[in-house]
Structure formats: C-alpha cells, structure tokens
Amino acid sequence: MSWLPEASAHAARIDLLLAGLTIISLAVLGLVFGLMVLNVMRFRAGRTTAVARAAAGHKNWWFEIAWTAATLVIFFGLFLWATQLYVVGFRPPADAIQIYVTGKQWMWKIQYPGGQREINALHVPAGRPVRLLMTSEDVIHDFSVPALRIKHDVLPGRYQSLWFTATRTGSFRLYCTQFCGVGHSRMTGTLTVLDAADYADWLNNVPASGSLAMEGEALFIRSGCSGCHASSRYAPDAADASRAPSMVGLYGSRVVLADGHAIVADAAFLHDAILDSPRRQGASFATEMPSFRGVLGEEDLAALVAYLQTLSPALPPDTGN
Amino acid sequence: MSASYLWQDGTLRSWLLTRDHKRIALLYLGSITAFFALGGIGAALIRLQLLEPAGTILSDATYNRVFTMHGVVMVWLFLVPSIPVTLGNFLVPLMLGARDLAFPRLNLVSWYLFVASGLLVLYGLFRGGLETGWTFYTPLSSDYSEGRVLPVVLGIFLNGFSSIATGVNFIVSIHQLRAPGMTWYRLPLMLWALYATSIIFVLATPVLGITLLLLAFERLFRVGVFDPTLGGDPLLFQQMFWFYSHPAVYIMILPGMGVVSEIVSTFCRKPVFGYRFVAWSSVSIAAIGFIVWGHHMFVAGESLYSAIVFSMFSFFVSVPSAIKVFNWLGTMHGGSIRLDAPMLYALGFIGLFTVGGLTGLFLASLAADVHLTQTYFVVAHFHYIMVGGMVSAYFGGLHYWWPKITGRMYPEIWGRLAAALIFFGFNLTFFPQFILGFEGMPRRYATYPAQFQVLNVLSSAGAGILAVAYVMPLVYFTWSLFRGARAPDNPWGATGLEWRTSSPPPVENFAETPVVTTDAYDYGDMDARTGVADAGGRHHV
Amino acid sequence: MSDGAVLDRHAPYETTLHRDETAIAGMWLFLASETLLFGGLFLVCLVYSQTRADGWAEGVRHTNLAIGAVNTLVLITSSAIYTMAVEAGRRGDNRRVMRFGLGAAVLGLAFLVLKGVEWGQEFSENLFPGPHFALHGPNARAAELFYSFYFLATFLHGMHMVVGIGLILWIGRKAHQGAFSAAWSTPVDVVGLYWSFVDLVWMLLFPLLYLIGRA
Ligand code: HEA
Ligand code: HEA
Ligand code: CUA
Ligand SMILES: [Cu+2]
Chain U
1 MSWLPEASAH AARIDLLLAG LTIISLAVLG LVFGLMVLNV MRFRAGRTTA
51 VARAAAGHKN WWFEIAWTAA TLVIFFGLFL WATQLYVVGF RPPADAIQIY
101 VTGKQWMWKI QYPGGQREIN ALHVPAGRPV RLLMTSEDVI HDFSVPALRI
151 KHDVLPGRYQ SLWFTATRTG SFRLYCTQFC GVGHSRMTGT LTVLDAADYA
201 DWLNNVPASG SLAMEGEALF IRSGCSGCHA SSRYAPDAAD ASRAPSMVGL
251 YGSRVVLADG HAIVADAAFL HDAILDSPRR QGASFATEMP SFRGVLGEED
301 LAALVAYLQT LSPALPPDTG N
Chain D
1 MSASYLWQDG TLRSWLLTRD HKRIALLYLG SITAFFALGG IGAALIRLQL
51 LEPAGTILSD ATYNRVFTMH GVVMVWLFLV PSIPVTLGNF LVPLMLGARD
101 LAFPRLNLVS WYLFVASGLL VLYGLFRGGL ETGWTFYTPL SSDYSEGRVL
151 PVVLGIFLNG FSSIATGVNF IVSIHQLRAP GMTWYRLPLM LWALYATSII
201 FVLATPVLGI TLLLLAFERL FRVGVFDPTL GGDPLLFQQM FWFYSHPAVY
251 IMILPGMGVV SEIVSTFCRK PVFGYRFVAW SSVSIAAIGF IVWGHHMFVA
301 GESLYSAIVF SMFSFFVSVP SAIKVFNWLG TMHGGSIRLD APMLYALGFI
351 GLFTVGGLTG LFLASLAADV HLTQTYFVVA HFHYIMVGGM VSAYFGGLHY
401 WWPKITGRMY PEIWGRLAAA LIFFGFNLTF FPQFILGFEG MPRRYATYPA
451 QFQVLNVLSS AGAGILAVAY VMPLVYFTWS LFRGARAPDN PWGATGLEWR
501 TSSPPPVENF AETPVVTTDA YDYGDMDART GVADAGGRHH V
Chain G
1 MSDGAVLDRH APYETTLHRD ETAIAGMWLF LASETLLFGG LFLVCLVYSQ
51 TRADGWAEGV RHTNLAIGAV NTLVLITSSA IYTMAVEAGR RGDNRRVMRF
101 GLGAAVLGLA FLVLKGVEWG QEFSENLFPG PHFALHGPNA RAAELFYSFY
151 FLATFLHGMH MVVGIGLILW IGRKAHQGAF SAAWSTPVDV VGLYWSFVDL
201 VWMLLFPLLY LIGRA
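Chains as they are written, first to last, in the UniProt record's numbering: chain U, 1 to 321; chain D, 1 to 541; chain G, 1 to 215.
Honestly, the hints are just simulated from the structure, not real lab data. All C-beta atoms in this analysis are idealised placements derived from N, C-alpha and C, irrespective of residue type, glycine included. Don't take each hint at face value.
[To be verified] If you want the ones that stay clear, here's a sample from chain D, every Cβ over 12 Å from chain G, calculated:
hint: 1; residue: Thr11
hint: 2; residue: Arg13
hint: 3; residue: Leu45
hint: 4; residue: Phe103
hint: 5; residue: Val319
hint: 6; residue: Gly464
hint: 7; residue: Ile465
hint: 8; residue: Phe477
hint: 9; residue: Leu481
hint: 10; residue: Thr513
[As the list claims (entries may be wrong)] Stretches of chain D that chain U covers, calculated by requiring three or more beta carbons in the stretch to come under 8 Å of a beta carbon on chain U:
hint: 11; region: 60-73
hint: 12; region: 136-150
hint: 13; region: 188-198
hint: 14; region: 265-279
hint: 15; region: 309-315
hint: 16; region: 344-353
hint: 17; region: 429-440
[Unchecked claim] Listed below are several chain G residues computed to face chain D (Cβ distance under 7 Å; list not exhaustive):
hint: 18; residue: Pro12
hint: 19; residue: Thr22
hint: 20; residue: Ala25
hint: 21; residue: Gly26
hint: 22; residue: Leu29
hint: 23; residue: Phe30
hint: 24; residue: Leu36
hint: 25; residue: Gly40
hint: 26; residue: Leu41
hint: 27; residue: Leu65
hint: 28; residue: Arg141
hint: 29; residue: Glu144
hint: 30; residue: Leu145
hint: 31; residue: Ser148
Take these sequences, add in the hints, and give me the full structure.
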C-alpha cells in the first residue's frame, strides 16, 4: 500500500490540517476511552467499599462551563484554520493556464487552449497554475484529484472552476466522485504532471485541430453570431453595435444587467449568455438574441468562450469570479 | 391486577386493530426488524462485491441498485423509525405515567402508513430497482435514471406522514399526559430526547415531502423544476433535500442518546450528571440542526459565504453533543458500575459515537472536506454514528427494556458476548474505510483500483463478523420469549415509572395513576454496593 | 378524538376537557407541520419568481384573474360561515351547526368546481407544462416553470379542500344526530382550525399565482 502522494504545496497544507485534526481527535478519544476504562475499573459495583455518594446529586456548573468553553475554543481554531485553506480555492491566480473540462456520462473530455483534446487524461506542466473550467453535458459529476486534495462538482448548464499548481511530476489518478449512473465507477482517468520542457513537447506532439480559440472563431461565423455581434473582423462592421453588443473588450468588462446589479463578464458569464442572453440595463438593440440551448454543445461553448476571451487582448485569459 | 397486554386477547384481529401503544410498538418492532434484515442483506452484497477490485458477483448496474436499496431501506424503513416507534411507542406513556399516547388511533394509523410506504418502496426496489443513491440528486433522478423513482419517492412521501403522526403524538402526549408531580425537569432524559426528535419529525419531514413531490412532478411531466436543461436549478434540490436530511440525521441519533442516558444512570446507580444540560442539549441539537444543511454541499457549487457560515454552524451543533459525552463520563464517576449487556452497548455507543462525531468535525472543516467528501471517509463517518452509535443504542435499549416488554429475561452471557462481538466486528468493518477515504477511494464505486484491495478485504471480513453478531440477538431473543426466566417487575433496580408496573405491563399500564414525588434517577435510598433497590415500598401496583 | 362526550375506559385522558385540549393541541401541531409543507413550496416559488422574473410574470399574466378572484371571495365567505358554525357549536345549537356547516361545504365545492373549470381552460389552452406547452419566446421556459408550480400548488391545495369538505360533512352529520352541546363541541372547533388554515394557504397562493408581476 502506498501512501497517497502530495502533488502540490496545497496538498501538503491539507495534510497538515488533517494531521492536526487527527491529533486533536486522538487526544479527545484518549480522554473519552481513558475515563471510561478508569471509571469502570475504579467504580465497579461490589469492588468499591464506600462510594462517596454525597457528591452524586450535585451538578457542578464549573465543570459544565469549563468543558463547553474548551470545546468551543478548539472548534473555533479548527474552523479558522480549515476555512482559510478553503478560501484560496476561490481565488485563482490571473496567469493560470485555462483548460476546459466537460463531464459526460461516463467520460471526461478535456480541451486545451491550443486546440488539443483528450479523453480521461489531463496533462499539466509542473510549477504553473492551472485553472479548469468545468461543465457537464448531462447529470452532475465531480472532478476529483486526490493527490492534489481537491475536487469540485461539475454541473450541467454552468461553469465551475477548480485551480491548482502541481509541483511534483508523475501520474496521478483522477476520479468522478459524484454518483452519475451506471458507469460512475469507470469515469476515471489520469492526471500527468510534466516538467515545463516535457509539457511543451507533449503539446507539440498531440494533434491539434487548430487552437481552441480558432475553432471558436469558426463557430462564431458558422453559428451566425457574427451576423449580429461586432467582433472587429467580420461584418457587421467593427464599430456597429446597434444590432447587438460588441464582443470586443466585453470579456472582463463590467456589465450592468436589467435588474440593476453589475457583474464582471467572466468565462461563466459568457457561457451562460450564449445559452440565454442576459438583458442589459437600458439595452436597445435592433435584434433579439435567440437561445442556443440545445443547439451548441458544451465543447462548442468552450471554444466560443475561448475565442471571445481573445477579443480582450489586454486581459489575461481569465480574471476570475 | 388485570391481564398483561400481551395475552389479554390473542386474536390476530385484536392485534391488527389494537389501539394499545404497547402492541403497536410490537407491530413496529416486527416490521422494522424485517427491514433491517433486508438492508443487512444489501450490506452483505455490497461487501461481497467489493472483495475484488473488478467486483465479484454484481454488475455495475446491480451494484448501484443494491447500495441505493441499502441506503433507502436502512434510513427510512429502519433507522429513522427505529427507537421512536418501538421503544418510544412502548415507553412514552409508561414513563409519563399515562394510560396511552394522546391519540391512540392516530398511532395505529401511523403504523399502517408505515407498512404501506414500506410496501410501495419495496415494490419500486424490486420491480426494476432504483439507482440514484439515497440522496436522489437531480437531474440524475428526475431525467436520466432508468429506475423506479416514482414508487420509491411516493413511498417515502407516505412514510413522512407516518413520522409526522408519531411526532405529533409524542409532543402532545408529553405536554398533556404527564402524571401528577411529573414536572418537566423530572422527565426521564429519554423523553427529552424523544421530544426533540419529534420536533424534527414535525417540522423537517414536510419539507422532504414537498421536495419529493416536486421531483415526482418533474419526472412525470418532464418539466424543469430542478433540471437545468429545462430551466430549473439542480442545486435547489440539494438545498431542499438536505434541509430535511440533515435534521433527519439527528432524528437518527437523539433517541439513542436518550436511551444511553437511561442505561448509564441505571447501571451506575447515579442520577445523570448535569441533568439539565443533557436535557437542553437535546433541544439545542434539534434547533441548531436546522441550520447546518449546507455542509453537504461544500464542493457542490454553493457560494463561499454560505460555505463558511454552514461550516461554522456545523461546529456549533457539535457542542451539545460534546456536553452529553462529558456528562455521561461524569455520571460514571463515583457510581457503582455494573457491566450488564445494556451497559456494554451504552459504553460502545459512547466510544463509537465519539469517533463518528470527531470525524464529522473533519468534514465540517472546509478544506478538509474538499479532500474527504464523496469518499469512503464519509461512509465511515456516518456508519460510526448510525451503526456504531444508534444501532448499538437501539440494541442496548432492547436488552434493557426486554424484561419489561416481554416479561422474560434474555440470557445475560449471550447478551454480553454479542455486544463485544458487535463492537469488534464493527471496528474491523469501518475503521479501514477512514483510511480508504483518505487515500481517495470514492464512494458508490462498483469497481475500484487494485491498490485499495487490502483494506476492502479487511472491511468485508469485519462485515461478516458483524452479520453473525447481529443475528445472535435475533436468535436468543426469540429463544427467551419461550424459555427465558420470568422477569421481575424491576430487574435492574431502576427508578423510572415504567419499572413501577408489572412485567409485562397490564393493558391499562398502571392500576392507579402513579404520583411522582422525586426527581428522575433518584437512587438516594438504594444500597450502593449491592445495587439492590430497597424501593419496593414505592411500588404502586 | 373518539366519538361522543363520554370517555372510553382505556383512553389516556383524565377528563373530557383534558381530552378536548389535547385534540386542539394536536391539530395546531399538525398545522405547524402543514405550514412547512406549503412553506417549502412557497420558498421555491419565491426563489424562481425572483431569479426568473420575466417568464414568471408572463406565466402569471396567463392565469384567469376573474376566476381566481371570485374563488378567493368564495373561500373567504366559506370560512366566515364556518366560523358561525363554530359559534353555534359553542352554544350547543346543532341545527345551526348543520346549516352553517352545509353552507361552508357547498361554497367549498363551488370553489372546487370553479377551479376545475379554470384547469379545463388551461388544459385546452395547452398551458400544462410539457412538450406541447403553448407559450413561446425567450421566456417560455420560465413560464413553464411557473405553470409547474401553479398546477402543483393548486392540486395540493385542492386535495386539502377535499379533505376539509369531507371533515365538514362529517361534522354536519354529527350535528344532525345531535351530538354537540354547549358543554362539548370540540370537533367543530378542530375542523374550524383546519378550514381556516386551508383558507389562509389560498390567501397566500392567490397573490403568488395571480397578482405578482401582472401589472
Ligand atoms: C446519525 C447520523 C449522523 C450524525 C449524528 C452526524 C453528526 C455530524 N455530522 Fe454527519 N453525516 C451523516 C450522518 C450523521 N452525521 C450522514 C448519513 C452523512 C452522509 C450523507 C450522504 O452524503 O450520503 C453525513 C455527512 C456529513 C457531512 C458532509 C460530508 C460530505 O458529504 O462532504 C458533514 C460535514 O460537515 C458532517 C458533519 C457532521 C457533524 C459536525 C456532526 C456532529 O453532530 C457530531 C458531533 C459529535 C462530536 C463532535 C463528538 C463528541 C464530542 C466530543 C467528545 C467533544 C470533544 C471534541 C473536541 C474538543 C474536538 N456529516
Ligand atoms: C442507516 C443505517 C445503516 C446501517 C445500519 C448500515 C449498515 C451497514 N452498511 Fe451501510 N449505508 C447506509 C446506512 C446504513 N448502513 C447509507 C445511508 C449508505 C449510503 C447509500 C448511498 O450511497 O446512497 C450506506 C452505504 C454503505 C456502503 C457504501 C456503498 C458505496 O458507497 O458504494 C457500505 C460499504 O461497505 C456499507 C456497508 C454497511 C455494512 C457492512 C453494514 C452493517 O452494519 C450491516 C450489518 C447487518 C447485517 C449484515 C444484517 C444482520 C442480519 C440480520 C438482521 C438477519 C439477516 C437474515 C438473513 C441473512 C437470513 N453501507
Ligand atoms: Cu460521473 Cu460519477
Ligand atoms: Cu449533515
């Protein structure tokens, strides 16, 4: 039996937390079992002579307060420790490589920015932050890499993200950990962490059908988006935003919705907007956008999103949420 | 003295139409034992399958149906009802000094509802089966599943009404039917625990009901309540499901805590240390338990803010459990401890519940849960509490009150042997699963990577021992029904009102309404060394 | 909840008063449970009426306000009439309990009939969710969602109405047999609690299903 490897600095920090929890638990267990055994030995019926019964009826408030307070203090410490390690999951670094993951009964489809695709295998370079943008085509799945100590549910119809910086090269297992039907236990694969040179090599040797963004650009024309949306290169003319909002610079900008609240247009926003276009505040466009739900698959959406992101060249691939 | 409730009228009809809470308790006992056996067979199949990485006897599809059946049957048809409907039904009126529950007819109706719901669930599980897990996550359950979602879901819906009826009955009885002198702070802790349980029955179960109705509606008419491709929100289902199911896990532990309080006090001949703290901790577990449901969704896509809040509340809800554990240990201190079988079960409960609870803290810790969730660590966590804790308490309670229920003693040696064997077999079964979970083995896997085999084999071996250990009581209890020594009215020298009437009790429970003049667990005038009650004079019957 | 004013030997109550208090407490608790049943539904309604406001409003606009409003009046009246039955019960006036009870039950039936007509219309207009759903356009999904709730909520409420009418008829029969007296009319009260609850649920459903977003 091999002990589960730690493939990232985060994994090591989680193990420390788990060790802390284990030590505290062992201490409490020692106390509970210890007192139980001691009590049984000392106060066994017939074994003791005169039991001090005077104390029996009395409740001792000091005891109650003391152990409640001690428990609370320990709990609070644990809570803070664990929460602080969880929060980082919500803060992907800006320069992360973005990889699209689509779950489907019962396989993982992976798309790289360079247009490479894989099934049930994920290759990443060591030492660089990687951000997975994940969605599902059917039911809920869950992308889990124990060696990195991370996982996240993958939901149909929306993007979830998961990020990590692997520090150790090698192959590690990845699993689907949300029950998703008959093939659930077969929805597994491998994560391969390569060093920078090997990774570059690998990228070059995997056949790519043009980059993901290029594929998205083709789709942008083929699906008719360019008929309404300006994208600086195709008709309608780059400046014409009367038919529909321009896609240039949209990614990463602030959009004010009809109900008044503003959000940053991140990848998830683009993804959802293509499925059901949101209403902007004060929008008055010459057209109305049809829903592309059921028309475009998740892989198409990933490509489109990747393309739209390139239309905000000043920004890194994703500004987070 | 009039005839015992058991033999007064022996016709089948008189049993099936009885309004006597004691007989209804036995009807329930029979039904849930059958369901426990069924769920146990499911467990046996699971453990058999997992002996080999590639699986042994079941196809993937069958395996999924089996663990779903195991979970559904064990939770709704065995563990949720277990202590409340059997020991609870039997004891609530006796402990209150009343003749029956507040609504005897409703009580019978609730048993029929239970049986009907059980049959409906079984119909679904055996005519086609169900492969969604006991959690029915959408859209798998609403759209993709090929199993019999509808009958099972409707069965559980009915089951809910049975629970609600029991809850209403207990709460009203405890408010209305206390014997003269039985003030709130003189109630046995078992009743406080059942009171808290009933609150959850009444207030959480209907939410499950409506959730399941929505699910059924979506499945029948293909409308998008929860399915995103039809415009719904799949997380909403999880929110609503856990809004019930987290409180429900406290339904599955509070009654056990009540039983343990009774047993520990009796076998230490001491009042429970910190009675009021133990009493109120039950109520606060029930109350805080309503606001922690989000801890089942830390990786499901809930917001950072709610994850943090739910994690914090999960720690809070653990405090009253800690209070209980420490108070039980305090009760033992300075007592006069006897290690009869019920006490062995109670001690097993305290130890195993603590392990389960402490690992619950691992899961309540956000970053740790991300790694451990959906693995065997979770499976081990809840089996430690539900099987190691609650099932032990249930067995302990059955042994403790068996003389009262049947008028016969069970064989003590066998009782102790079974208790020890259960403890051993249990740990062998489920401890390896903590390690499996840490190593990353996902739950609900019909096949698994070969590196996990050693631990899985250990676990299966433990399950074999556990199965034998659980069948033992079944055998010797049956034996004792016919051959067991006659039980005295108060074999343990305990103080509760239920011990002040004959074993088994007469139909009307007490010849005359008892009057309560002392606090619960008043062992003041008992001899500490021999542990024999000299309280004979207080018998009213 | 056993029949008549006499205590049965095995019943757990000390006095008839004690038994009646117990029955009323039981009903209150049951209603608390019911509140959470409907509460769950309302909560989901509220969530979706916010997150999917446009389509939701479109759904609301297609409900039949006229029938809804009439039905609301019918139900309020029925509830009010039943209150008079409760009053009569307290005085031990069996004849009036019966009359008012019948009145309330008839109005309850009228409600169900109207509801049936409304459902019939909606079915023929293909407003029932499913592949043939009538509304189209960008908000169709959310409107369909609205109709899921509409049908589920009115169905659930309707079932409660059926049970309530049954209970009232049972009261009417007992009154006909002269069962109540000034000293004892608890069943009339208990059924009254239930009937008011069913009324109250409709008071919340009506704005949710007919008004909010209509403007
Ligand atoms: C009877 C059933 C029961 C009970 C009582 C509990 C009790 C607790 N549970 Fe458990 N739980 C389940 C049954 C139960 N659980 C089930 C069935 C699941 C899985 C569902 C599924 O997905 O299928 C689950 C899952 C589950 C999860 C989600 C895991 C996941 O899916 O990611 C979490 C997360 O917070 C959790 C936490 C807790 C906590 C904090 C308690 C606390 O109440 C425990 C409190 C007790 C103690 C803490 C021990 C005593 C304390 C002391 C001796 C004090 C001293 C300690 C210190 C000072 C450190 N449980
Ligand atoms: C609530 C109570 C409860 C109880 C008591 C048990 C009892 C047991 N459980 Fe179960 N279990 C659950 C609730 C429970 N479980 C739930 C809710 C799940 C999750 C399901 C899901 O994921 O959806 C689960 C899942 C679960 C799994 C994980 C499956 C998976 O994720 O793939 C495993 C694996 O080992 C397991 C094992 C066992 C074992 C070995 C026992 C043993 O303790 C059982 C021992 C008992 C017996 C063996 C029966 C004794 C025999 C008799 C009484 C007579 C029988 C008569 C004849 C054989 C003639 N259970
Ligand atoms: Cu995909 Cu499990
Ligand atoms: Cu929980």
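Evaluated hints:
No beta-carbon of chain G comes within 12 Å of the beta-carbon of Thr11 of chain D; the shortest separation is about 17 Å. The non-interface label for Arg13 of chain D is consistent with chain G: the shortest C-beta to C-beta separation is roughly 17 Å, beyond 12 Å. Look at Leu45 of chain D: its CB is around 35 Å from the nearest CB on chain G, clear of 12 Å, so calling it non-interface holds up. The Cβ of Phe103 of chain D does not lie farther than 12 Å from every Cβ of chain G; its closest approach is about 6 Å, which violates its non-interface assignment.
Once the 12 Å rule is applied to beta carbons, Val319 of chain D is consistent with being away from chain G; the minimum gap is 26 Å. Its beta-carbon lying about 42 Å from the closest one in chain G, Gly464 of chain D satisfies the requirement of being farther than 12 Å from that chain. Remark: the non-interface label on Ile465 of chain D is consistent with the geometry, its nearest Cβ contact in chain G lying 42 Å away (cut-off 12 Å). Every Cβ of chain G is farther than 12 Å from the Cβ of Phe477 of chain D; the closest lies at roughly 28 Å, confirming the non-interface assignment.
Listed as outside the interface, Leu481 of chain D is consistent with that label: its C-beta sits roughly 25 Å from the nearest C-beta of chain G, beyond the 12 Å cut-off. For Thr513 of chain D, the requirement that its beta carbon stay farther than 12 Å from each beta carbon of chain G is not met, with the minimum near 8 Å. For a cut-off of 8 Å, the count of residues in the region 60-73 of chain D with a CB near a CB of chain U stands at 3, and the three-residue condition holds. Counting residues of the region 136-150 of chain D whose beta-carbon sits less than 8 Å from any beta-carbon of chain U gives 6, enough to reach three: the coverage restraint holds.
Closer than 8 Å: that is the beta-carbon criterion, and the region 188-198 of chain D has 0 residues meeting it against chain U, so the requirement of 3 is violated. Note: the region 265-279 of chain D has 9 residues with beta-carbon separation from chain U under 8 Å; the three-residue rule is met and the coverage holds. Look at the region 309-315 of chain D against chain U: 3 of its residues bring a Cβ nearer than 8 Å to a Cβ of that chain, three or more, so the hint holds. Counting residues of the region 344-353 of chain D whose CB lies closer than 8 Å to any CB of chain U gives 3, so the stated coverage by that chain holds, three being the minimum.
Counting residues of the region 429-440 of chain D whose C-beta sits closer than 8 Å to any C-beta of chain U gives 3, which meets the bar of three, so the coverage hint holds. Because the smallest distance between the Cβ of Pro12 of chain G and any Cβ of chain D comes to about 4 Å, under 7 Å, the interface hint for this residue holds. With its C-beta approaching chain D no nearer than about 5 Å, Thr22 of chain G sits inside the 7 Å limit, and its interface hint holds. Annotation: Ala25 of chain G was flagged as interfacial toward chain D, and the flag holds, the nearest CB pair being 5 Å apart, inside 7 Å.
The beta carbon of Gly26 of chain G is positioned within 7 Å of a beta carbon in chain D (closest approach about 5 Å), and the interface hint is therefore held. A distance limit of 7 Å between C-beta atoms decides the matter here; for Leu29 of chain G the minimum to chain D is near 5 Å, and the interface restraint holds. Given the 7 Å rule on beta carbons, the hint for Phe30 of chain G holds: about 6 Å separates it from the nearest Cβ of chain D. Hint on Leu36 of chain G holds. Least Cβ distance to chain D is approximately 4 Å, under the 7 Å limit.
Look at Gly40 of chain G: its Cβ gets to within about 4 Å of chain D, closer than 7 Å, so that hint holds up. Restraint check, Leu41 of chain G versus chain D: the minimum CB separation of about 5 Å is within 7 Å; hint holds. This hint is violated: Leu65 of chain G has a C-beta 23 Å from the nearest C-beta of chain D, more than the 7 Å allowed. Below 7 Å, beta-carbon pairs count as interface contacts, and Arg141 of chain G has one with chain D at about 3 Å; its hint therefore holds.
Against a cut-off of 7 Å between C-beta atoms, the interface hint on Glu144 of chain G holds, since the closest Cβ of chain D lies about 6 Å away. Taking 7 Å as the C-beta cut-off, the interface hint given for Leu145 of chain G holds, the closest approach to chain D being about 5 Å. A cut of 7 Å between beta carbons decides the hint on Ser148 of chain G: the least distance to chain D is about 4 Å, and the hint holds.
When held up to the earlier numbered hints, the structure conflicts with 4, 10, 13 and 27 and fits the remainder.
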